Amino acid sequence: MGFLPIPFLDSFQKKGVMMDNPYIHVIIAAMFSVVFIIFTSLGLGYIASLVARLVGATKRVQENTFSGYLFSGPWIIGFLLFVIFPMVLSLYWSFTDYRVTENVPPQWVGFENYAKLIFRDSGFRASFFNTMFLTVLGLPLQIGVALVLAILLNQKTHGERVFRMAFYLPVILGYNTAVLLCWRLMLNTGTGIINLLIRGFSNTFPPFRYLNRAAIYGVEVVNAFFLGLSNNKFNLLNKVLEAGFPAENRVPLWVQSPMWSKMSVVLLMVWGCGAMMLIFLAGLNNIPKELHEAAEVDGASAWKRFWKISFPLLTPYIFYNLVVGLIASMQIFEPIYVLYRDNQPLVSSTISMVYYLWQASFRHFEIGYGSAMSWIILVIILVVTLIQFRLQDRWVNYELY
Amino acid sequence: MKHKEQLVLISLLVLASLVLAACSGQATVAPKTEAPAAEEQAATEAPAEEAPMDDVTLKVYLLDYTPDTIEWLNSEINPAFEAEHPGVTVEITEGSWSGWDTTFSGFFAAGEGPDIINLGSEMNTLYGESLADMDAYLGEGAWADIANFGPALENAKYEGKLRGLPIFTAPRYVFCRTDLMEDSGWTTGTPKNFAEWVSFAEQTSVIDPATNSLTQQALVPVDAGSMADWQWWLLVFYSLGGELYKADGSPNFDSAEALAATQFLYDMRVATYGPAADAVGALPTGQGSVIDVNDETSQDNGAVCLAHSGWAAPPFDRPVWENVSIDPFYGDTENFPNSKPVVLAFNDWLAVPEYSPNKELAAEWLKIAFSKEANHKWNETMSLIPARNDAQYGYVVESPQLKIEAELAAEYGVGFAGIYESSKLSTIMQDALGKLVTEELTPEEVVEKIQAEYAEALGK
Amino acid sequence: MRTAWSITLRILLYVFLTGTTVLMSFPLFWMISSSLKTLAEANSPGIVWIPNQPTLEAYLNILQDSDFLRSYFNSVIYTALALVGTLMSVSVVAYAFSRINWPGREAVFFLMLSTMMVPPQALIVPQYVLFNKLGWIGTFNPIVIPGFFAGGAAWIFLLRQSMAQIPREMDESAYMDGANHLQIWWEICLPLVKAPLATIATFLFVGFWNSLLNPLLYLQTVDLYTLPVYVATLYNINSSVQQWPTIMAAAVLTTVPLMIVFFFAQRYILEGVMISGLKG
Chain A
69 MGFLPIPFLD SFQKKGVMMD NPYIHVIIAA MFSVVFIIFT SLGLGYIASL
119 VARLVGATKR VQENTFSGYL FSGPWIIGFL LFVIFPMVLS LYWSFTDYRV
169 TENVPPQWVG FENYAKLIFR DSGFRASFFN TMFLTVLGLP LQIGVALVLA
219 ILLNQKTHGE RVFRMAFYLP VILGYNTAVL LCWRLMLNTG TGIINLLIRG
269 FSNTFPPFRY LNRAAIYGVE VVNAFFLGLS NNKFNLLNKV LEAGFPAENR
319 VPLWVQSPMW SKMSVVLLMV WGCGAMMLIF LAGLNNIPKE LHEAAEVDGA
369 SAWKRFWKIS FPLLTPYIFY NLVVGLIASM QIFEPIYVLY RDNQPLVSST
419 ISMVYYLWQA SFRHFEIGYG SAMSWIILVI ILVVTLIQFR LQDRWVNYEL
469 Y
Chain B
2 MKHKEQLVLI SLLVLASLVL AACSGQATVA PKTEAPAAEE QAATEAPAEE
52 APMDDVTLKV YLLDYTPDTI EWLNSEINPA FEAEHPGVTV EITEGSWSGW
102 DTTFSGFFAA GEGPDIINLG SEMNTLYGES LADMDAYLGE GAWADIANFG
152 PALENAKYEG KLRGLPIFTA PRYVFCRTDL MEDSGWTTGT PKNFAEWVSF
202 AEQTSVIDPA TNSLTQQALV PVDAGSMADW QWWLLVFYSL GGELYKADGS
252 PNFDSAEALA ATQFLYDMRV ATYGPAADAV GALPTGQGSV IDVNDETSQD
302 NGAVCLAHSG WAAPPFDRPV WENVSIDPFY GDTENFPNSK PVVLAFNDWL
352 AVPEYSPNKE LAAEWLKIAF SKEANHKWNE TMSLIPARND AQYGYVVESP
402 QLKIEAELAA EYGVGFAGIY ESSKLSTIMQ DALGKLVTEE LTPEEVVEKI
452 QAEYAEALGK
Chain C
7 MRTAWSITLR ILLYVFLTGT TVLMSFPLFW MISSSLKTLA EANSPGIVWI
57 PNQPTLEAYL NILQDSDFLR SYFNSVIYTA LALVGTLMSV SVVAYAFSRI
107 NWPGREAVFF LMLSTMMVPP QALIVPQYVL FNKLGWIGTF NPIVIPGFFA
157 GGAAWIFLLR QSMAQIPREM DESAYMDGAN HLQIWWEICL PLVKAPLATI
207 ATFLFVGFWN SLLNPLLYLQ TVDLYTLPVY VATLYNINSS VQQWPTIMAA
257 AVLTTVPLMI VFFFAQRYIL EGVMISGLKG
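Residue numbers (this note's numbering), protein chains in the order written: chain A, 69 to 469; chain B, 2 to 461; chain C, 7 to 286.
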């Protein structure tokens with residue numbers, strides 16, 4: 069490693085063997101992989117062209133068969149290695165009690181893992197209802213904000229490009245750990261800038277205070293209801309309703325209370341609505357101008373034109389965003405890891421399905437159980453995606469290219 | 002055409018080598034079951050290993066130690082060891098507590114990894130089966146020094162057999178600001194039973210009405226916000242004389258002690274924060290120890306008492322120590338005659354995994370790194386109490402705080418070990434206790450939920 | 007009257023859009039501002055918009071942290087390798103799906119599209135075991151190598167659509183001149199799909215740079231940590247003082263490459279949004 073005289077790489081320099089250096093190791097592995105891919109693809113191509121010759125294809129077809137399988141080889145090999153093989157393995161494990169730390173071979177347990185997940189596991193139930201919460205409350209908010217911004221940007225505004233990009237930037241930064249840590253700083257209950265601002269505004273404009281209290285009331289009632297759903301017990305909801313309208317000095321307890329932990333995620337979702345906004349913008353651009361012009365001639369107001377012309381034509385895009393957003397909310401991992409990993413009592417109130425999967429597999433080492441969970445998540449996503457595909461003819465994504 | 006055939010041959014070779022690689026991969030896992038035999042062999046052939054060997058690397062995996070500690074290990078301990086064992090190189094790898102569980106599950110799944118790994122107290126049962134029995138190398142018959150280790154040694158055992166050695170003891174005390182107690186009109190010192198604690202919490206916690214946040218918190222346990230961390234629950238439970246398991250090994254969360262501990266956590270939370278629906282904000286954090294005084298503003302950081310490890314208390318050279326008392330947690334003698342004062346002792350320890358082919362060498366390294374002087378020095382870099390009784394000299398007795406802490410630990414220390422499925426129990430309890438403080442569940446429902454879920458996790 | 011009303015509306019529109027822009031970029035502003043504060047200012051209970059005496063102390067701290075520098079270097083290496091590997095293999099496969107007419111193409115293409123439905127997280131456990139058997143845990147291999155196998159069906163799809171639009175005559179005539187597919191791919195096809203390639207590269211870069219779960223799983227030591235994994239450890243859960251200025255300085259330095267890519271690749275992003283959304 070002598071050729072890189074960089075102080076922070078010191079720890080690698082004392083290792084004599086080249087393969088021990090992680091950078092050289094990965095580069096060598098990459099080169100081997102390329103060689104491996106080339107040869108296996110060649111093999112695949114030859115086998116395919118051999119088959120073509122045996123069934124009596126022309127020379128041209130044989131050549132094309134060879135080239136086709138050779139060039140698509142990297143994907144086919146990768147598919148077998150990294151998708152099919154793991155899926156078969158995990159399907160098998162999902163019917164066993166395989167655990168990493170135990171020195172006993174996995175036992176076949178039939179559908180026990182699935183039964184436990186669906187009927188008895190309160191953590192999985194919580195992760196399901198948390199996803200529901202994000203779908204029922206977070207997504208409409210996110211889609212609504214994205215739609216409003218898209219419509220405003222579509223008013224032939226000057227500097228549309230600048231605004232568009234400013235709104236999109238959070239998507240790029242989105243789930244970067246570093247940015248999430250900044251959110252953590254801002255969401256701090258006592259000294260975080262967000263609550264300081266809410267407090268400041270409340271003290272200056274009394275109407276804002278009222279708005280804030282109403283928002284807090286709404287959020288807490290809805291959250292208490294969803295926490296009740298995951299517990300099958302509505303104590304908390306009763307208590308929140310009993311306590312009535314929040315006192316004057318209340319502020320949101322973002323990362324301190326189970327009634328707010330999901331709202332922090334919703335806030336992050338709304339902040340990252342830029343991708344949906346761009347999709348809506350594309351949708352708005354696809355609406356024929358003539359429709360609007362004709363309606364304007366007929367004397368329809370802008371409001372009416374939106375609801376009668378734009379909105380119906382945008383529904384496929386809304387539906388599309390809904391489906392994509394739903395799948396994304398099942399897969400949320402980073403925000404929970406960064407915001408709540410040291411605040412364990414909050415985790416169950418905000419946990420996503422993938423986070424729960426990670427916890428079972430890599431905290432409790434229950435590979436069998438985790439595999440069963442992967443398959444349930446896969447089936448849910450499959451169902452959601454199938455719905456999307458069935459309604460796909462109503463939405464035009466193929467025409468974009 | 003000939004060219005073509007050559008290529009076919011090569012690609013078939015690559016495919017074959019892939020299959021072989023997959024098989025040999027399985028082969029590396031297989032020897033796991035044969036490990037005990039291999040170990041015995043190593044024990045009997047021990048003298049043979051004295052001969053210089055070619056390029057053995059002893060890998061030590063440590064989590065979040067100070068740069069000073071690592072520097073000291075690399076400059077003193079490892080060279081000393083390498084001089085005694087020619088041909089052996091020691092390699093220290095540093096990981097982080099934030100990802101340990103994932104990392105360790107990888108080591109054990111692979112059946113290969115470092116020869117010495119850094120574990121926390123409760124992990125002896127978590128990984129016990131995958132850790133090597135080190136009695137042959139470090140037990141009383143093999144190493145006289147082992148008699149000098151204090152109660153922390155129990156945390157390094159699984160099924161009565163040594164699996165490694167403890168580095169330090171980090172007990173949890175009750176630190177209280179006597180001056181703040183007096184200011185609030187509390188004159189009887191650190192509370193001695195549950196009823197006193199609750200009235201103490203009501204009397205000395207201050208909520209600022211302008212911001213609806215705590216400005217003074219009577220007691221800050223582990224996790225100041227929820228006041229319901231599972232480790233804090235266990236401390237309270239042990240102080241009542243509670244036992245985690247019944248005679249048949251099933252969990253004991255349906256006991257009177259468990260319910261009382263849960264009720265106490267809830268009462269303390271309400272006495273401090275008020276009802277959950279009030280949604281009072283927590284103390285501001287990040288200014289340093291919660292019982293310290295801010296130098297710039299001369300304001301108190303807000304806690305009257307702190308039930309936590311020494312590292313959460315102010316550094317020993319802070320002036321605030323004049324007014325800080327150190328006590329164990331006293332339990333509740335009035336209602337539970339078996340109550341006893343408790344300091345819950347955590348410790349880090351180094352264990353040797355069963356998969357390690359270098360158990361003998363690992364034991365030798367441990368002996369050097371855990372000699373009287375080395376154990377002293379190692380802990381001095383972190384101001385912690387050494388696990389070896391005879392290493393508790395110098396800075397340990399010179400610092401009045403550490404001296405008290407060491408005495409309390411010796412007298413009231415209770416280990417945080419012997420917990421089965423500790424990782425799952427942690428998840429189960431955190432979930433249930435989180436619902437206790439938001440009043441989603443009553444204390445009765447909380448213990449019932451923990452009992453049921455933990456029993457299922459244990460298969461009892 | 008009507009014009010006055012519409013001018014007011016216009017002004018309101020711009021005020022609203024500017025306000026939203028400020029809100030959207032506020033975390034970024036706060037990150038930079040906090041990184042220039044002293045520890046006392048960062049933890050102060052009052053609002054410190056802009057530090058009184060901006061200090062670069064936090065940056066000096068983080069730049070002296072050799073673990074941070076190494077994780078930066080690791081992130082750069084990992085992103086570069088994974089990016090090049092994925093881009094190359096994806097373009098090769100897209101070529102096969104668009105420019106070569108082979109039996110079974112439609113079936114394989116449909117299979118590939120259907121993998122878009124498989125969430126990557128559903129495969130982490132068995133993949134972990136696979137990489138374990140290969141002895142890849144604790145190396146960069148598991149986060150770099152899978153990309154070489156044309157990871158990402160959405161990208162293949164996007165590139166296939168672009169390549170399909172290239173007129174057939176171009177490669178037919180090259181084929182007649184004796185060029186093979188490799189040459190046609192490299193010399194004719196790739197130069198014509200530079201824009202979609204840039205789109206894919208942008209999204210891949212952002213994805214690799216931000217990725218947390220996989221590096222967290224596979225990189226076992228601080229020596230190998232990438233930025234997201236290392237920066238997460240800067241928030242010390244065992245400490246009563248969080249070094250916010252230092253953490254935020256690390257955050258600023260972490261996001262700089264993202265900002266640069268974002269600034270130069272804006273025009274590619276719009277196209278990519280559609281397809282990355284498709285990926286789900």
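Everything labelled a hint here was simulated from the structure, so no lab data went into it.
Here the structure is a predicted model, which is why all the values come from computation and not from measurement.
One thing to keep in mind: the hints can contain errors.
Stated by the list, open to error - Below, computed lysine to aspartate or glutamate pairings styled on DMTMM-like, alpha-carbon distance capped at 20 Å:
{"hint": "1", "chain 1": "A", "residue 1": "Lys307", "chain 2": "B", "residue 2": "Glu446"}
{"hint": "2", "chain 1": "B", "residue 1": "Lys60", "chain 2": "C", "residue 2": "Glu178"}
{"hint": "3", "chain 1": "A", "residue 1": "Lys307", "chain 2": "B", "residue 2": "Glu440"}
{"hint": "4", "chain 1": "B", "residue 1": "Lys373", "chain 2": "B", "residue 2": "Asp391"}
{"hint": "5", "chain 1": "A", "residue 1": "Lys184", "chain 2": "B", "residue 2": "Glu83"}
{"hint": "6", "chain 1": "A", "residue 1": "Lys307", "chain 2": "B", "residue 2": "Asp268"}
{"hint": "7", "chain 1": "B", "residue 1": "Lys368", "chain 2": "B", "residue 2": "Glu83"}
{"hint": "8", "chain 1": "B", "residue 1": "Lys60", "chain 2": "B", "residue 2": "Glu365"}
{"hint": "9", "chain 1": "A", "residue 1": "Lys127", "chain 2": "C", "residue 2": "Glu178"}
{"hint": "10", "chain 1": "C", "residue 1": "Lys139", "chain 2": "B", "residue 2": "Asp268"}
{"hint": "11", "chain 1": "B", "residue 1": "Lys162", "chain 2": "B", "residue 2": "Glu141"}
{"hint": "12", "chain 1": "A", "residue 1": "Lys184", "chain 2": "B", "residue 2": "Glu422"}
{"hint": "13", "chain 1": "B", "residue 1": "Lys461", "chain 2": "B", "residue 2": "Glu95"}
{"hint": "14", "chain 1": "B", "residue 1": "Lys461", "chain 2": "A", "residue 2": "Asp189"}
{"hint": "15", "chain 1": "A", "residue 1": "Lys184", "chain 2": "B", "residue 2": "Asp391"}
{"hint": "16", "chain 1": "A", "residue 1": "Lys301", "chain 2": "B", "residue 2": "Glu365"}
{"hint": "17", "chain 1": "B", "residue 1": "Lys461", "chain 2": "A", "residue 2": "Asp165"}
For each hint, the structure was consulted:
1. A:Lys307 with B:Glu446: At roughly 17 Å apart (the allowed maximum being 20 Å), Glu446 (chain B) and Lys307 (chain A) satisfy the hint.
2. B:Lys60 with C:Glu178: violated (60 Å)
3. A:Lys307 with B:Glu440: Judged against 20 Å, a Cα distance of about 8 Å means the pair holds.
4. B:Lys373 with B:Asp391: holds (6 Å)
5. A:Lys184 with B:Glu83: violated (52 Å)
6. A:Lys307 with B:Asp268: holds (17 Å)
7. B:Lys368 with B:Glu83: Within the cut-off at roughly 13 Å; holds.
8. B:Lys60 with B:Glu365: Holds - the C-alpha atoms of Glu365 (chain B) and Lys60 (chain B) are around 13 Å apart, at most 20 Å.
9. A:Lys127 with C:Glu178: It holds: about 17 Å lies between the C-alpha atoms, which stays within 20 Å.
10. C:Lys139 with B:Asp268: Cα-Cα ~52 Å, so violated.
11. B:Lys162 with B:Glu141: holds (11 Å)
12. A:Lys184 with B:Glu422: holds (18 Å)
13. B:Lys461 with B:Glu95: violated (38 Å)
14. B:Lys461 with A:Asp189: Since the Cα atoms of Lys461 (chain B) and Asp189 (chain A) sit roughly 17 Å apart, the hinted pair holds (cutoff 20 Å).
15. A:Lys184 with B:Asp391: Between Lys184 (chain A) and Asp391 (chain B) the Cα gap is close to 51 Å, so the pair fails against 20 Å, i.e. violated.
16. A:Lys301 with B:Glu365: violated (57 Å)
17. B:Lys461 with A:Asp165: With a Cα-Cα distance of about 16 Å, the restraint between Lys461 (chain B) and Asp165 (chain A) holds, given a limit of 20 Å.
Of the numbered hints given earlier, the model fails hints 2, 5, 10, 13, 15, 16; all others are met.
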